[in-house]
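**Student:** Chains A and B, in that order, give the protein sequences. Just so we're aligned: 342 in the working numbering is position 342 of the first sequence, and the numbers increase by one with no gaps anywhere. Just so we're aligned: 40 in the working numbering is position 40 of the second sequence, and the numbers increase by one with no gaps anywhere.
Some clues are possibly wrong.
Said to hold, decoys possible - Simulated coverage check for chain B against chain A, where a stretch passes if three residues somewhere in it have a Cβ under 8 Å from a Cβ of chain A:
(1) 27 to 39
(2) 47 to 59
(3) 79 to 88
(4) 118 to 131
(5) 141 to 154
What the hints assert, rightly or not - Pairs of lysine-lysine, DSSO-like flavour, derived with a Cα cap of 30 Å:
(6) B:K15 with A:K150
(7) B:K42 with A:K328
(8) A:K49 with B:K11
(9) A:K155 with A:K508
Unchecked claim - Which stretches of chain A does chain B cover? Using the computed rule of at least three CB atoms under 8 Å from a CB of chain B, they are:
(10) 50 to 56
(11) 117 to 131
(12) 246 to 255
(13) 370 to 379
(14) 396 to 406
(15) 520 to 529
In case anyone wonders, no lab produced these hints; they're calculated from the structure. Note that this is a predicted model, so its numbers are computed, not measured. All C-beta atoms in this analysis are idealised placements derived from N, C-alpha and C, irrespective of residue type, glycine included.
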Amino acid sequence: MKCGHCGTENQTGTAICNNCGQPLDNKNETKLLNMRYDGAAIRSKTRNKSFVDKVWNFFSSVKIGVTLIAIALIASALGTVYPQQMYIPPTVNPSEYYEQEYGITGLIYYQLGFHELYSSWWYMLIIALIGISIFIVSIDRGVPLYKALKNQNPKRHPSFIKRQKLLSHTVHVTQEEKEQFIERLKKKRYKIYEKDGHILAEKGRFSRWGPYVNHFGLIVFLIGTLLRFVPGMYVDEFLWIREGDTAVIPATNQEYYIENHDFIMDIYGQDEEDEKFADALEQTGSLVPKNFQTDVTIYKDDAKDVVGAQPELQEVQSGSIRVNQPIKVAGLTLYQDSYQQNEFQSMSFKLHEVEDSDEVAIAELTVDLTDPNKEYQFDNGYTIMLNEYFPDYTMENGVPRSQTNFPRNPGFVFFVYPPGETDPEVSFLAIGQNIPGDETNNYKLSLTGFDVRDVSGLSVKKDLTLPIVAIGAIIFLIGVVQGMYWPHRRMWIHPQENELLIACHTNKNWYGLTKEFEKLTDGTPIANVVDQETDTEMEPDK
Amino acid sequence: MDKINAANVKKRRKKRNRFIFRTVILCVLFGALVFAIVSNLKEDSKAVDVGDKAPNFELPQVRNVEGEVLQLSDLEGKGVMLNFWATYCEPCEKEMPYMESLYPEYKERGVEIVAVSVDATELVIQNFVDRYDLTFPILHDNRSAVLDHYGVIPLPTSYFIDENGVVVERVIGELTLEKLEGYLQQIEPS
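Kindly produce the complete structure, drawing on both the sequences and the hints.
**Tutor:** Okay, here's the thing in structure tokens:
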């Protein structure tokens with residue numbers, strides 16, 4: 001596109017000549033010029049033929065970007081209608097759960113995959129497409145705008161000046177008055193560019209980069225979230241560990257182990273210091289926890305043997321993990337997260353005669369529920385065999401079995417061999433149950449005590465993407481501030497014979513610009529600006 | 001004419017540069033997109049799967065002499081059925097007799113059955129083995145180290161590994177006698 005006035009070759013789609021400012025949109029005979037992107041051609045508006053150009057133009061459309069954001073918003077909202085899969089009980093089958101709980105809508109919800117929406121491939125696809133759209137839109141508009149603002153010609157075509165929104169038209173202005181005005185502009189930190197007596201005064205150009213800085217921040221943010229998928233960047237695991245046990249720390253390639261020495265839960269009101277809270281505690285009426293703590297030792301396995309082999313543990317560090325006071329090991333952070341108190345660890349029994357009302361012990365035994373023995377022999381000739389052990393006992397179709405691995409409700413079948421006997425007496429014991437195998441049993445086993453232990457739940461976390469996400473968020477905010485709190489103001493001073501035309505443009509706060517213009521021209525014959533959109537003179541003190 | 005030519009050359013060069021620029025940017029962006037989605041899908045299947053080399057491991061045997069361990073690599077050259085199970089798991093209990101019934105025949109034909117229990121205590125495994133008269137090696141993974149390493153979540157899960165140590169089939173859930181026999185035939189060394 002050739003400019004009819006100065007002959008400069010402009011890119012197709014240019015609205016205002018890059019060089020002289022002659023409007024090129026001759027078809028638009030509106031009074032005011034469209035100053036978007038300073039009249040520069042948006043790159044995608046240029047003619048395109050190749051596939052790459054078509055893809056590029058698709059994503060450079062703001063309409064497409066807004067549509068994608070709308071879809072993402074609607075989908076995100078729908079994902080909150082029913083709980084996500086991670087929040088339903090882990091033991092239930094999701095394919096049945098949603099229908100049972102929420103009826104037909106629940107079934108549809110499940111079948112459309114909304115139950116794990118935020119990690120579904122199509123949700124990620126939409127978010128990624130938004131990222132691509134932001135990126136391309138920014139390049140497509142940012143680069144031409146940058147070029148247009150970098151190469152501004154102070155000398156503009158009169159029709160450019162006359163078609164600006166704010167125009168001041170003064171018939172006679174002396175050179176001194178004009179210079180006084182320019183001096184004031186400089187004091188107001190305007191930059192002055194001059195060509196052939198034509199002057200461009202400009203300030204706050206950097207605010208125009210705000211949206212692009214802001215988009216760049218968003219892209220950094222998205223890259224940060226993408227990096228979560230890079231191995232070694234992000235870990236979010238969980239570990240249950242019983243007191244006295246040593247377990248592998250997840251995500252360490254079986255290299256690090258952790259031993260739980262003790263789990264401690266303190267409650268308010270147990271020491272003298274807490275007396276000042278006595279009233280508050282009484283009002284609450286329930287226990288108020290003060291401290292959750294796991295005392296641990298961390299080991300490193302030096303054996304580097306095959307998986308499952310006995311590790312050679314070397315102590316790395318010992319300490320306490322408390323809420324908000326994690327322990328760090330091998331780049332991982334271990335936080336106190338959950339607990340289960342009072343899991344059975346061992347149970348003690350005594351053997352006595354059924355008829356004996358004093359229940360004098362013939363033999364006493366303790367069964368370690370973490371590693372029970374099969375046979376217990378006593379000096380007085382008695383032998384007790386632990387024939388069956390059910391850690392989490394339940395009856396199913398008349399047959400006893402264990403529901404889980406954990407000693408939550410232990411059940412035992414004991415065989416008692418009195419001295420010299422080869423036929424045992426059978427007893428079944430569980431919590432609240434003591435059933436003799438036979439009515440004629442002479443001996444009875446009774447529970448005399450038990451030990452419990454606590455289970456501590458630790459979350460194992462690592463997130464190297466956080467600094468990148470934080471930088472992205474900071475850049476985003478800088479962009480917002482940059483674009484929001486500074487206006488980009490320009491004034492073109494256009495001498496015409498003995499007249500002086502001054503056109504003003506800003507990207508925001510037109511009122512502020514007219515006020516500034518008033519102040520700058522105060523005491524000079526330069527006329528106030530007229531808003532050509534509404535054809536009103538911007539009068540002082542209004 | 002020269003001027004027009006020069007302008008055309010400039011235009012063409014500009015066009016070419018633009019094409020290269022756009023192609024590169026689009027490739028990078030779509031590359032990142034594909035990476036994100038593929039890694040997200042992979043996240044769900046960290047487990048050892050068909051076609052993978054079965055990772056080696058070492059675990060103590062339950063029934064045999066105290067302290068005797070078995071390494072998967074000891075069984076190189078044989079087909080191996082690797083079954084993850086626990087005594088409290090009902091479907092595991094149902095398929096155990098099928099495994100036992102086929103074991104002697106397939107052992108002759110070079111297929112070993114190895115069952116890895118994740119029970120907490122050896123006693124319950126011992127009792128279970130005695131009740132079903134199991135003769136194939138039973139290993140005890142009391143720390144779930146091998147279970148985690150293989151990425152196994154539901155029990156039972158069975159891997160069928162050929163004589164080269166490559167996983168030929170992975171079955172999640174209970175096996176029937178017919179299916180089990182079919183899989184065992186698949187991993188019979190040739």
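**Student:** Hints first: check each against the structure and report whether it holds.
**Tutor:** Going through the hints against the structure:
no. : hint               : in the structure
1   : 27 to 39           : holds (count 8)
2   : 47 to 59           : holds (count 5)
3   : 79 to 88           : holds (count 3)
4   : 118 to 131         : holds (count 9)
5   : 141 to 154         : holds (count 6)
6   : B:K15 with A:K150  : holds, 22 Å
7   : B:K42 with A:K328  : holds, 28 Å
8   : A:K49 with B:K11   : holds, 15 Å
9   : A:K155 with A:K508 : holds, 24 Å
10  : 50 to 56           : holds (count 5)
11  : 117 to 131         : holds (count 7)
12  : 246 to 255         : holds (count 4)
13  : 370 to 379         : holds (count 5)
14  : 396 to 406         : holds (count 6)
15  : 520 to 529         : violated (count 0)
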